[in-house]
Amino acid sequence: MAASAALVLQGTAFAQAPIKIGLFAPLTGGVAANGINIRDGVALVVDQVNAQGGIHGRKIELLTEDDRNSPKDAATVAQKIVDSGDVVLAIGSFTSTPSISAAPVFASAKIPQIAPTATHPRYTAQSNYQFGSSNLEQIVAGHNARVLVDELHAKRIVVVYNQDDWGLLASKTTGEAIAAKGSQVILSEAVIPGSKDFRPLVSKIKALNPDAVYFGIHYAEAAILVQQLHQASVAVPIVAAETLTTPKFLELAGKDADGIRIVSTFLASNPANADFTKAFQARYSREPDRLAALSYDSISLGINAIKAVLDAGKPLTGAAVRDALEAAAPFKGVTGTTKFQKGTVDKDTLLLLLIKTAANTATLSSPIPIGGILDKTVSTVKNNSFRVQLDYNTSWGEHTLSAIGGAEIRNTVTKSDAYRVYGYNGNVLTSVAVDNTTLFPTRFSSSQTIPNGINFSEIENRYVSFYANAGYNYKDRYQLTASARRDASNIFGVATNDKWNPFWSVGGAWAISKEPFYKLGIINYLKLRATIGISGIADQSRSAVTVIQYQGQDAQTGLQYASIDQYANPDLRWEKIVTKNIGLDFALSNGILSGSVDYYRKQGRDLFGPAPVDYTIGQQSNVVTKNMANSLSKGLEIQLRSTNIRSRYIQWSTDWIFSYNRSITTAYYWPSIDYYTPTSGVTISPRVGYDMFAISAYKWGGLNPENGNPRGYVDGLLSEDYGTIVQSAKEVSILVYKGSSIPVYSGTVGNTITAKGLTLTVYLQYKLGYYLRKPSLSYSQLFDYGIGNADYAKRWQHMGDEARTNVPSMLYPNISYRDDFYQLSEATVIKGDQLRLQFINLDYSLPGSLSLKKMFKDIHLYCNASNLGIIWKANNAGIDPDYPGTIPTPVMLTFGIKTNLK
Amino acid sequence: MNTINKQIIMVAWGAILVFASCNKYLDKKPDKSLVEPSTMEDLQAILDNKTLMNNYSPSVDEACSDDYYLSATRYAGFLDFAQKAYTWQLDGNAMDQAYNNISYNEWSILYDQINKANIVLDNISNANGSSNPTIANSVHGQALFYRGYAFFQLVLLFSQSYDGSNAGSQQGIVLKLNSSTEYDHERSSLSASYSQIISDLSQSTALLDDLPEIVTRPSKCAAFALLARVYLSRQQYDSALYFAKESLTLDSSLLNYNNTSDVNIASNTKPFQQFNKEVIFQKISTQYIFPNTYPLYCNVDSVLYKSYEADDLRLKAFFWTNGDGYSFKGSYSGTRNNLFKGIATDELYLDCAECFIRRGQMTEGLSYLNTLLINRYTTGKYQVPAFSSQQEALQFVLQERRKELLFRSVRWMDLKRLNREGAGIIQTRVIDGRLYTLPSNANQYAIPIPSYIITQTGISQN
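Top to bottom, those sequences are chains A and B. One point on numbering: in numbering that gives the first Met the number 0, the residue at position 657 of the first sequence is 656, and numbering is uninterrupted. One point on numbering: in numbering that gives the first Met the number 0, the residue at position 418 of the second sequence is 417, and numbering is uninterrupted.
Watch out, some of these pointers could steer you wrong.
Restricting the straight-line Cα-Cα distance to at most 20 Å, the calculated cross-link-like pairs of lysine to aspartate or glutamate (EDC-like) are [what the hints assert, rightly or not]:
hint	chain 1	residue 1	chain 2	residue 2
1	B	Lys23	A	Glu459
2	A	Lys195	A	Glu250
3	B	Lys31	A	Asp879
4	A	Lys575	A	Asp553
5	A	Lys79	A	Glu60
6	A	Lys58	A	Asp310
7	B	Lys27	A	Glu250
8	A	Lys381	B	Asp26
9	A	Lys414	B	Asp30
10	A	Lys513	A	Asp584
11	A	Lys58	A	Asp85
12	A	Lys518	A	Asp584
13	B	Lys31	A	Glu459
14	B	Lys31	A	Glu457
15	A	Lys579	A	Asp605
16	B	Lys23	A	Asp497
17	B	Lys28	A	Asp564
18	A	Lys381	B	Asp30
For the record, the hints were derived by calculation from the structure and aren't laboratory data. For clarity, every value in this text was computed on a predicted model and none was experimentally measured.
Isolated chain A (complex conformation):
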């Protein structure tokens, strides 16, 4: 009894002894705010644990020391902590250098040390008693390089770093990570802690004009540097080390901190950290920063380890705690999940923060939650069609009559519902609600609500057509044909009668080779054809009434609102097109060559085109659609099939198609001749006698070698007076006529080779004699909407660049005339001529001896590749003329078996 009582007594006495934990951080000096955050993060946990009765009834005693961020002081205070006896864990310090200098003291005393923020690999390499709770610098550098190069597209980067172990390493690793991504560090400059005048550095940066600057420095120096950069009008994107997430930086830098990007593991306003943020705020009346969070996690890890030792009934020593730290399961804290392994930690939570200061209080907030943005559109398409047709054939004597008549109706319903969610996490299928009604400040325009991405649409297109064809043949030599059709669709706002587009044609053919007098033996088939047809087209925008379109709910007023979709335009007449065609079909008697030649003339009358109006009309447009033009198209089409080799083993034939088509504007009904603006080939060009769809452009005078401004011509002299250029383009002489926007010559060449059941077909397509406008960089799009173009990389930046580029220099604020001039100048016109590989088809017909052939006939294995892309193009701008500004249709490969049952 006595023994057990003594044991209890002894146990109680032992339980009451506090658990001693050392803490050292810079609590005074230039980075004091950081040290204090570390201290407060640790103290918060210690107090929480003590308030709940401690660990196994033992309170925690925190020994706090100030190392003033000095390596010398760090070693001294470390020794002081060790000397106080029975310390089982040390937390500290802030940066790597003092942490490293304290490391041997703790290692020799067998006390584990957790440095919440040391990122230098040398720290954890000191001994197996050193633990780091931050991502190592290499990992951090990788993330920073990603932001600099992948997101900001910076090619030339300046790195500014703190003159200490951490800074040197940050500079080195960041530089390496940048180089690995193909960009270049053009200047790497150290900042001595405590410096206040950065003007020499600022002027260096200004002279180098880098694409971005990386700040590997602490808040005091960073705040002054960013302010001095802005005072010198250096508006370069800045990416900063995580250390700048401290509220102290925002307090010192104020509005100048706006736009700085930081990759961070912690954001106080992240809802996941609400408990911690609330507790910290309640205790210290301020928002916790990343350091407080990291030290909060560090001490929590340490306390878990201590608890694990005591839970296992082992004596509590530094060595036991070290082992427990190493063996600890991954710990989910406020800075992500931490698992110590051989001195490295890789935090899983990473946020890209963009600093944006609000009125007077500088805080980081993210109205758009962290995480993915999911845009989802569900659409369905339904097609129905119905067709009736009557065929009639009869013959008497040498006469044959055949006719068909029919009607068809079709409808297509396309429904789509779209929505967007923010903070989407695809792993657990969660999203975060956002505030769609408040206006938030934006970087480029003044303010904006968060778009909700909701869109419902239901489009139903209906078509009806009636058609009739009749053919009469006499003696198999003389043929007459007639055809008529009417088509209509459910265009909205159009009178029923105008929905119908009529078409009729009559034709005749004469099979010359069947005449008894025909004696030309070498050509055994010859037929002459001719047709004339007239069609009428009502324009889609021909509207009898005004049509409005509902736009949904206004975010601020909550009212449904509508815009005008079509203004009533009752004066439009139909377009009329008369087509005349004459053609010849032929075949050689030896079968080597057959084909046809067609010549046609197409006359257009009352074609729709843009007519200038004045703004007083009130349609916020200076053009309306009217019957504006007459046109004439002439064309020639030749189709040939040649059989090049015809033997038992191999057959080779070629299909040739060649066509020529040129459409000219023959009249333009606009009373004033001075209506000329650069054309993009989309609407009818008003210049009589020239291509109907044409590209014309402002005459280009190259970039100004002084400043990279685009230059045009006024009165024959180089000019940067864009207003005058745009105004005087009314005169034909200012505009350079480039040519048709539609290929004048086009065609295909297809080769088919067959040998031993294997058939290879290769089709080439060519389009020649036309121009297009390439998508180009618009600074107004870039500044106002963030829409860029790869040409940005080619922009004029230094004197001499004008020799290699036509892309104007970046100017802020933007001059919209300058943009307009460049975009509509010759500099953005390219030739469209091209040759492309249309498709390749390989077909293998299985030999007749196979047993499968008993059940199947004609078994074919085939492989088809289409959309194979360009073989040759005339432009050297790297643009596929069929897909300017868009991604070409990807190559399509088809493999298949085709057969018929016997």
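Model the placement of chain B on the given structure of chain A, informed by the hints.
Relative to the frame of chain A, chain B by itself:
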């Protein structure tokens, strides 16, 4: 032969069926969101297009007024037309340059608003009556209000200030009164323009609801307030007083600048909320064709800035220092960079004060002024002024009007009307040591019409 006949008959039947039904078949709307405006709700939705009907207020009037000045570097960075507006050298070609390629320019946007109003007015008699007849009246009244307001803005921009003795021969504006693309390409006389404005607005007062659901929609209160402005611009102060008082009867709320719930004076970006209780009708500038008075570009006139007393809370609520001078942040739009150009109750207090004093009713006039200013000064610090003459009191009220209504385009109208009565205000600017002046009643008080509009329409230039 018999079977062929049967087939023909069957097909004919089929064709007839298809044909008979296809007109109906083709009447199906391709897109559900497309509508021929046929109900009051549709017409209301046209007018509720806030972006078109309430934003995009003109900027050229402010650019030619004297609430601001530009730093030399800012001036140098501006395009030709903006510089010319600053020094009152605008001509038709400079206006071309300003408006070219901008479909929402000041001419087009105002005529667009007129056209929208005309579309509503042209369709209103055929529109299906809503179950509630007051909605029909309200929509009708709103369209008239919008049209009258746009005509009035055009008059203020492109005509000289109203001269009662000569208005029949002063040039007014093109009065487009229906939605057709055909219209009379002629400028009416200024007196005819004003008649149209007053007719539209006074008709609207009989149709509109007293107060709007939301201040982006016109109301009777707003129509009265606008009429007060119209009569002020004609220097007809009794009529102006009548309408200002009518408007205040419907809504006389004032923000107290001492209450942080009313005004967050400390905020550098958003001291005032949008749709705050002083706002009667919302109009704002969301684009600045003339960038001169974009709040981040221009400095507040330094003499004007110095005229605020230390206890005047507007000093802190309206201005912030940009290092070079003071920038304006006091827009009632709720966003610093979008200037408020609509109508608010504070203006009506100043209208009443001015008109009463002009009539010699000093006590009544000053009581309106004091009510307003008590809400502008730190509580207990406002000293009720005493005046020895009517003229002195009037000058005081006019100065308070400048201090309260700056950057709302009201100054432009005031410069025009006060000069017309002989105030003799000469505006001056200095650029690179060179002095530019705009004499009282100068030709430049009517903004030149863009040359291409002159060419296209054949109307006469100012």
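We went through each hint and held it up to the structure:
1. Lys23/B x Glu459/A: Distance of about 14 Å is within 20 Å: holds.
2. Lys195/A x Glu250/A: Distance ~17 Å between Lys195/A and Glu250/A Cα, so the pair holds.
3. Lys31/B x Asp879/A: Violated - the C-alpha atoms of Asp879/A and Lys31/B are around 37 Å apart, more than 20 Å.
4. Lys575/A x Asp553/A: Violated, at about 43 Å.
5. Lys79/A x Glu60/A: Holds, because 15 Å separates the two Cα atoms, which is no more than 20 Å.
6. Lys58/A x Asp310/A: Holds - the C-alpha atoms of Asp310/A and Lys58/A are around 15 Å apart, at most 20 Å.
7. Lys27/B x Glu250/A: Between Lys27/B and Glu250/A the Cα gap is close to 62 Å, so the pair fails against 20 Å, i.e. violated.
8. Lys381/A x Asp26/B: Judged against 20 Å, a Cα distance of about 19 Å means the pair holds.
9. Lys414/A x Asp30/B: 10 Å, holds
10. Lys513/A x Asp584/A: 13 Å, holds
11. Lys58/A x Asp85/A: 14 Å, holds
12. Lys518/A x Asp584/A: 17 Å, holds
13. Lys31/B x Glu459/A: 9 Å, holds
14. Lys31/B x Glu457/A: 6 Å, holds
15. Lys579/A x Asp605/A: Within the cut-off at roughly 18 Å; holds.
16. Lys23/B x Asp497/A: 14 Å, holds
17. Lys28/B x Asp564/A: The hint holds at about 14 Å.
18. Lys381/A x Asp30/B: Distance of about 15 Å is within 20 Å: holds.
Hints 3, 4 and 7 from the list above are not met by this structure, while the remaining hints are.
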